[in-house]
Amino acid sequence: MILMLKIIKYVLHDILRNRVLIAYVLLLLVSSNGMFLINDDSTKGLSSLLTILLIVIPLVSILFTTIYFFNSHEFIELLVAQPLRRKKILLGVYSGVACSLLTAFLVGIGISVVIFDATATGWYLIFAGSMLTLAFVSLGFLASVITRDKTRGVGIALMLWFYFALIFDGILLIVLFTFSDYPLEKATIVMSCLNPIDLARILVLLKMDISALMGYTGAVFTQFFGSGLGIILSVSVLAAWVVIPLLLALRAFDKKNL
Amino acid sequence: MIKVESLVKKFGGFYALNGIDLEFSRGQIIALVGPNASGKTTLIKCILGMVIPTSGNIEFDGINISGQVNYKERIGYMPQIGRFPDHMSMGYLFGMMKDLGKERMKGNFDEELVELFRLQPVFHKSIRTLSGGTRQKVSATLAFLFNPEVIFLDEPTAGLDPIASEILKQKIRNAKTEGKLILVTSHIMSEIEEIADSVAYLEDGKILFNRSIDKIKAETGEERLGKAIFRLIQ
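Residue numbers (this note's numbering), protein chains in the order written: chain A, 2 to 259; chain B, 10 to 243.
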């Protein structure tokens with residue numbers, strides 16, 4: 002445990018001076034303040050902010066993680082030759098990266114949300130954004146561990162982002178359109194569980210209670226579960242999106258040749 | 010102390026190690042010799058748990074190393090190419106390594122090579138700016154830092170200046186008299202002749218022979234080790 006804390010310490014010491022992270026905080030600060038200042042209605046501000054966050058958080062989290070992992074190759078190699086369990090090493094690096102990205106998100110978004118719209122919806126946005134950050138850090142680790150070189154790792158990371166942020170919605174629409182003669186509620190719920198970004202959006206919108214903005218999947222969620230159960234379901238599936246890719250990455254890292 | 014049994018490592022379809030059986034005991038300097046890509050580094054990395062073998066067993070002091078990490082406390086490793094986190098200064102790197110081993114070492118670090126290589130004056134320099142030779146010195150110093158019982162040196166003198174080379178060789182000889190086991194890979198026969206007791210010759214992932222240097226010379230009737238080995242593999 003002490004050794005893992007030490008690894009986290011060295012990772013944090015390295016990342017906190019990273020310019021990309023500082024730029025990320027600034028970007029979040031500008032967009033959050035901007036959205037609240039442009040829109041008089043803070044709920045409107047919140048939903049515009051949500052749209053931006055659902056694109057930006059996954060992209061930055063997964064790319065930053067993958068690039069950082071490959072840039073710390075030497076550090077990790079040095080640690081593997083030491084009497085340290087590989088799981089501890091990877092968890093240490095994971096915690097360091099996750100902590101820094103989470104802190105960046107909370108500073109960039111959290112503060113302005115609390116100032117402009119400290120309602121339950123605001124807190125849900127902060128929570129959903131944090132979970133989304135963690136999920137994409139996990140996915141980033143998975144993409145890095147299963148590949149040998151940086152180019153491929155970053156490639157897979159970008160593909161995952163493309164898939165979850167853009168292509169997924171298209172596939173969903175095609176499915177809905179093709180099978181529109183059948184009852185699709187359950188299928189839709191299962192499909193949105195397959196996308197953490199969709200889940201995060203539903204989570205915030207369920208609380209916001211603006212069905213017009215929810216899209217088809219969100220509407221089905223409220224209709225099917227009522228908002229209470231829907232929130233519990235989306236939170237637990239989001240948590241699974243954090244844990245499962247991380248577990249897969251830990252397993253793959255145990256067998257990786259360095 | 011270290012026992013390797015029918016060790017196989019496949020990378021894709023390529024056998025880097027193809028059935029290695031070896032046994033090393035304390036108080037010896039063993040040279041791993043062989044052409045490029047014969048599996049020397051892979052063998053060392055397998056024993057260190059950095060490369061996971063496809064099949065076979067490795068025992069350290071009678072305990073199978075698979076899934077173990079504690080035995081690494083007793084191994085010092087100098088990689089072929091010393092690669093360190095770029096952003097760190099040399100002093101920070103040493104500080105970090107000592108910090109990681111603080112609990113088990115209780116301040117008992119072997120920092121003799123820092124003195125002998127005169128690394129202290131360049132401690133503030135970033136690793137990125139160091140020359141290849143200086144990196145090798147850092148690597149060698151780290152291998153000895155934790156006072157290990159077993160030391161793996163992968164081409165230790167490649168890129169070192171003659172003086173540093175001598176210092177390192179003396180350090181290796183001293184380690185042997187302290188009863189340590191030292192495994193060295195090298196392509197320089199005169200150097201091996203100078204420090205090693207026996208030679209394990211690897212080719213295409215197999216051990217061709219593993220004998221003491223005196224025996225090799227007696228068998229072939231050659232004076233020089235390089236020629237003797239050349240005769241043996243003909």
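Be aware that one or more of the hints could be misleading.
Heads up, simulated DSS-like pairs for lysine-lysine below, C-alpha to C-alpha not over 27 Å straight-line [stated by the list, open to error]: (1) B:LYS111 / A:LYS88; (2) B:LYS19 / A:LYS10; (3) A:LYS187 / A:LYS89; (4) A:LYS256 / A:LYS88; (5) B:LYS185 / A:LYS7.
Everything labelled a hint here was simulated from the structure, so no lab data went into it.
Need the list of violated hint numbers for this structure, in ascending order. The structure conflicts with hints 2, 3, 5, although it agrees with all the remaining ones.
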